[in-house]
Structures are given as structure tokens and as C-alpha cells.
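Fit chain L to the supplied structure of chain W, relying on the hints for placement.
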Amino acid sequence: MLTKAHPERFFIGSIMLAFAALIMTTVGIKPQLLQNLQFLILLVSLLLVIWIGFKAGKFQIITNRLRNRAIGWLIAATCSAALWSFAQKSTQIVFPALKEFRKIWNTFEPFALFATIVFILFALILFIVGSRDSKLERPGFIERSLVNNLSSKIAALPMVFTAVGVFVIATLWTVYHSFTNSRMLPKSEFIGLAQYERLWNSDRWYMSIENLAIYGACSLIFSLLIGFMLAALLDQKTRFENTFRTIFLYPFALSFIVTGLVWQWILNPDYGVQKIIRSLGFDSFVFNPLYNMDIVIYGILVAGLWQGTGFIMCLMLAGLRGIDQEIWKAARIDGIPMWKTYIQIVIPMMRPVFITTLVIIAAGIIKVYDLVVAQTSGGPGMSSEVPAKYVYDYMFGAQNLAQGFAASTMMLVSVLIVLIPFVYLEFGRRKNA
Amino acid sequence: MGSISLNNINKSFGSTEVLKNINLDIADGEFLILIGPSGCGKSTLMNLIAGLEDLNSGEIIIDGLNVSDESPKDRDIAMVFQSYALYPTMNVARNICFGLEMNKVPKSEQESILKRVSELLQIDHLLDRKPGQLSGGQRQRVAMGRALARSPKVFLFDEPLSNLDAKLRVEMRTEIKKLHKRIGTTMVYVTHDQIEAMTLADRIAVLKDGELQQIGTPYEIYNDPVSHFVADFMGSPGMNFIECIVKDENLIIESGGKKYEILIPCKDALNKSNLDVVLLGIRPEMLTEVQPSTVGNKFIQKVKFDVEVIEPMGADTVAIGQWNETEVMVRLSPESGNSAGNGFDLQVDTSKAILFDPSSGLRLR
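So the protein sequences, as listed, match chains W and L.
If you're matching positions, the first sequence starts at 1 in this note's numbering and goes up one per residue.
If you're matching positions, the second sequence starts at 434 in this note's numbering and goes up one per residue.
Hints are supplied without guarantee of correctness; some may be wrong.
Claimed, not checked - No more than 30 Å apart at the CA atoms, straight line, and that leaves these computed lysine-lysine pairs for DSSO-like:
hint, chain 1, residue 1, chain 2, residue 2
1, W, LYS329, L, LYS453
2, L, LYS692, W, LYS329
3, W, LYS340, L, LYS453
4, W, LYS237, L, LYS548
5, L, LYS641, W, LYS237
No lab work stands behind these hints: they were computed from the structure.
None of these values were measured; they are calculated from a predicted model.
Here chain W stands alone, though its shape is the one from the complex (with noise of 0.2 Å):
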């Protein structure tokens, strides 16, 4: 005898045949035995609905209010599949009113795909839930995920689905291709770890780590000291402040191909610092950082310095406006000297605008790569190459794929190791406090 609960199941199991048959009908399954699976896959499903729906005299679906939103999914999922269908040559042979705007159809056929299946998914969870907690008095962890704020969480899936595949997918996509011999063209042929051992086996690679270390230190130090000297400075109620603000930020507003150009002239040997000094009378000065190979790393610093230290000015500044005027006050009255007061007091009080501020920091240091193209070309020789520009270089230059993957991996492992511990301590610390 089939009780309340059987026919739930029942559908539930049919629901997820249709499932697997959507999926082998999108998949595409190659030996001719199999090829008619998914259609008798289907007509199985929708037999056993309709002998449940016969035996059990009613569907009770709609029981509670998880199954409730399961049919919401349903519905997001039949719309998303029915814009799938439309970039079907098969579809727009019986509609031919749809091919005038196949271009349309065709930009959102994958996402289509995806979110159908993705709205399938939720929604056979939320009915597989709903079924197992019939009482469901306090909403679960599923609950909460999937049916609170639904329609905005329906919104931002597109983003969601954008960043998944730019930032996962990519990413894992080049680290398997760096374990190829792609060429021009990416291919799928294995030669375990060889443009690893060719990478750091390269002259180039090492001159370009070494670039950055020194780059990378370096701006990462000076940013923060001159950053903050300055903001300390505009918060002493400075006259003219908003002018020197805007000042101080004018070049933030520079790409860096222009603040590299800029540099580029001003430390030109021919008509920068050089030949006005030259040409004030003392002939023999000699200042050109760009055409030396020991100090050109600290000329593009320079330029990357004048364009970012605004920025983290403002940040500071920020920072340092949300600190109480009374905690400066009662430093003073404790006869606390100024310059302790801002290491023991105010620096630790405005720990989370250096987080932030060292994240800014941090990404423009690994992706320095236009300041080095507009004001050197990784020249002279090769004595200003950084990371980025080797992966550049070798991708779109060289047309060697595989080895700018490879580079690109190990930037991508380098920032992990210095990121997860970072991130495990300062989120793990907060968990236990």
C-alpha cells in the first residue's frame, strides 16, 4: 500500500532521471547503443509520475514551505532551459521569428545551460530536504542558503557564475596547461614538470624575481612610511589641507603608462634632471638611473612611488579622522610624547586601514608590469625585467604558452604562500577572540 510519503520519493527519483537525462542530452553520449538512453530515461520518468499520480489519487507537493520554494527554482530552471532552447537551430527552425535575434540567444546560451542545471540542482535539494524534515520548525543551513532573499540571490548568480569561471576555472585551465608543451595553440600533451626546470633554469626568470623582490619590498615599505608621514602631517589641522589632498592624489589619476613616459622623460639623460643640471654649469653630473643596469629597478620604483603614495595618503588619512580627538587629548595628558603615541596607540587602532591598504599595496606590486614597458622595456638588457612582463612576453611573444603558464603558476603559488597564512592568522585569530 503506498502511503503519503511514497509518492514524494517517487517523484523526487523521477525528477532526478529527467535530471540525468538532461544531462546525457547535453553531454552527448557517443556509442550508438546508448544514444536513445536519455529519451527512455525521460519517458520512464514521466510514466512513473503519471502511475504515481494515479495511485496516490493527488500530488501533495506543496506540503511545506521548502517544497514550496523548490517549485519557485523549478520555475527559474524551466525560463533559463527555455533560453537555452531558443539558440537551438532545431527551435529556430519551428520559430523562425527567433533567429533574428540569434546573436542574443547565442551570448547567453552557456550561462543558460548552467544556471538550468544549477536551478535543477537547488531544486531537487530543497524537495529532498523538505521531504526529509516534514516538520521543519527552525529554518537549517539550506534554508537559509537557498530560500531566504531568493529573488537576490537569482540577481547576483550571473556574477556568481562570471567570477567562478574567470577566477576558478581560468585559473585551474593554465595551471593544467603548464604541464604542456602548448606552443602557439594550447594543447593537452604532458611533459610532466619540463617548463618548470626551463623556468628556472632562465637567467631572465631570476632577474625578474630579484626585480620584484627589491621593487616589491621596497614600494611596499616606502608607500606605507611616506603614505603615513604624509597623512600625519595633513592631520595636524594643516592649512591649504584639501589643496595638498589633491595634490598629493593627482597622480593616483595617471595610468601608468603615462606616469612611466613621464618618468621615462623626466630621468632621460638627454632632456631630464640631468641635462638642466648639466646645463646650470656643472658639466660632468652624471644622473641616469634608467640607463643603469644596477640601480634601473629603483628608477621605475621611483615613478610607481609618485603615482601610489597619494592613494594610501588618502587611506591613511581616513584612518587616522576615525581615531576620537579624545584619545589624542588623553595621550597628552598621560605626557605621552606625539611619536609614541602613533606607534602604541594610533598605528594598532588603525590595524584594519593597514590591511587594507597593505592588500592594495600588494596586488600592485605582483601585477608592475606597464611602468616597466613605457619606461624601460625590461631594458637595459634585461636588468628591469619583471614576473608579469616575462608572462607577457613568452604568451603573446614568444608564443610559448606553457612556459608563461608556468611563470604565471608560480606567481600565483608565491602569493599563496605568503596569502594563506596571512589570511588563516588574521581570520582565525578573529574566530577566537
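The following block gives chain L in isolation, referenced to the frame of chain W:
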């Protein structure tokens, strides 16, 4: 110990004069309250005493030493702030000891001070916590502990109770008063809450627009204010001010649809002023229901009063009506307040009534 003299103090920010020629002497061990509406310069005066702002002219003498140009740490003062200004990244113990540490007090001495202060304020179980983990009242105690640790000559309190809820405020108020009794140090306390001022102060200094209006004991300020402003500022519910026409040394009042000639005590002042219209100031508690035992007081008179609004406050009931088309608050017992309506028999006791010049707001004496 810690007497303070403020001589001819002037302070202006740009072209705005914030303090105008303030002269104030605070005796050793005194609890002085600076009170005034917001923007009257009371916090600026406090900052000047603390040395957080520079004087434009005048001098500040603490314990016989001219400290006008000294930095805050050399003035031997301690201050408690409205927002408590605890260092959020340090725990309570370090908050209390940080100032000592900076002034190179030996470690063992720091510990004994910490022990003494934390026991005095009952915060010894909180020493390991960060300020963020404390309640408002606890933070307030820690802030006071930090001030106490320095054993200064003078304590400065800058609206220390404003951020607390009403009940806690009353508790901490008592706490501060007890503390003052126990340690006997000079305290200067800024507030805009007149109840705090009345309950805590040895003397109250009332400021308005950067000028010292009056300084005196709470009793003097309450019963013998020098001006309309001071009388209006102190007391809750506030004093009633009624413009009255003078007739034969009496004042004419229209109440409950009838005219009365009210007898007042300060006739000499009234005669001297030669005014036809004066401002009568009378506190609500002098206007009550008819009391049985009032024989022999010639200033007690009876008038009819139309009650428009009743505001029960528990201990007593405030009824609001009109005299000479001006709102008047009277203070009734809860029993008679409940039944008060039109034509209520009101007993007016003018023995403490005072008169002001309606144009200048100054007291007629």
C-alpha cells in the same frame, strides 16, 4: 594640594570669542561644576585648565604655580572624558598603567598603584579585558582608574556621564561623589545636566556665551540666581517667568479668569527699579495645592487656577496652566493632581519669588 586660580582668561578661535575674561578661584579639595548650555565655552575652559588648548591671555595657577605655558603632563592633572578615550588595543591594566610607564614609574610601583586603584573602583576582575569587552559603566570606571593612577592634584571631568543610560548615570554620580569624599582631591567637572550639578557640586559656576554668569553653592544658584538665564537654567521643571504689571508694590496676575494682586517680598528692589512691568520668577514647588499648616506666612495667597495639562511624575504631579497668558507649571501632590481641573484652588507662596528686569534679564535687588 590642588587649588586653582584662573585670572582674566580670554580665548578665541579666529574671530569668535569663546571665553571672555574669566576669573575663577577653586579651593583645594573643592568639587566645582562648570555648567552651561552647549557652546557656552565650558569644555574650552576645561581644555585650557588641562593645557590642551593655548590661552590667548590671562594665567592659570595650579597649587601656587603659574602653569599657563606648561604642557598638560607637567600640570599634574588627570582628565576623564565623555567618550572615556580608553586605548582600545590595550587591556584594562595596561590602559591604567600606560601613562605611568611613559613617565618611567618603576614596575613594582606600577603594580601597587594598579592594585590600589582597581580595588578602589572594583575593577580588579576586569584587568585582562579589552575596553571593547566592557559595558559603559565599566569603561567609565576604567577611565577614572586611569586618572586616579596618576594621583594628580586636580581631576578634570568632561561630561563623564553623558554616554551612560539614565539609571547608570545616577549610580555613577553617587560613585563619583563617594570617590571625592574618599580621596578629597580638587575636582572640576563639566556638565550640561543641572541635576548632576546640583547633586555633586560644592560650588557651581554657570557659563553663558563665554561669560561667567554666577558662581556659588548649589543652594545659592538655585534660590538666589543673579539673572533670568541662571534661574531658567537650573531646576527641573524650570522656574516660571511671568510678566506682570506693578500696582502699588504688588503684582497683578490674571489666573483662572480673575485678576489678583499678589504680595511679594522684594519691595525695595521693585521701588528702586521704577519699572512698570517686571518679570516675576517663581519656582513650581512654591505653587501647590492648599496646605493646612501655613499660618503666619503673609506671602501665602490663594488664587483660582485653570489646569490645562497634567504630567504625573510619580512623586508629584506637574500641572500646567496660564497666568497672564504665559504658561505656568505648578507642582501638586499626586492625589490633588489627579482631580485638578478648571477653577482649582492654588496656593501661591511668594516668599522665595524673585523679580527680573524684563529687558535686561537681570535680577532686581
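Verification of the hints:
1. W:LYS329 / L:LYS453: Status holds; Cα separation ~24 Å.
2. L:LYS692 / W:LYS329: violated (59 Å)
3. W:LYS340 / L:LYS453: Measuring from Cα to Cα gives roughly 36 Å; hence the hint is violated.
4. W:LYS237 / L:LYS548: violated (39 Å)
5. L:LYS641 / W:LYS237: Distance of about 28 Å is within 30 Å: holds.
Hint compliance for this structure: hints 2, 3 and 4 are not met, and every other hint is.
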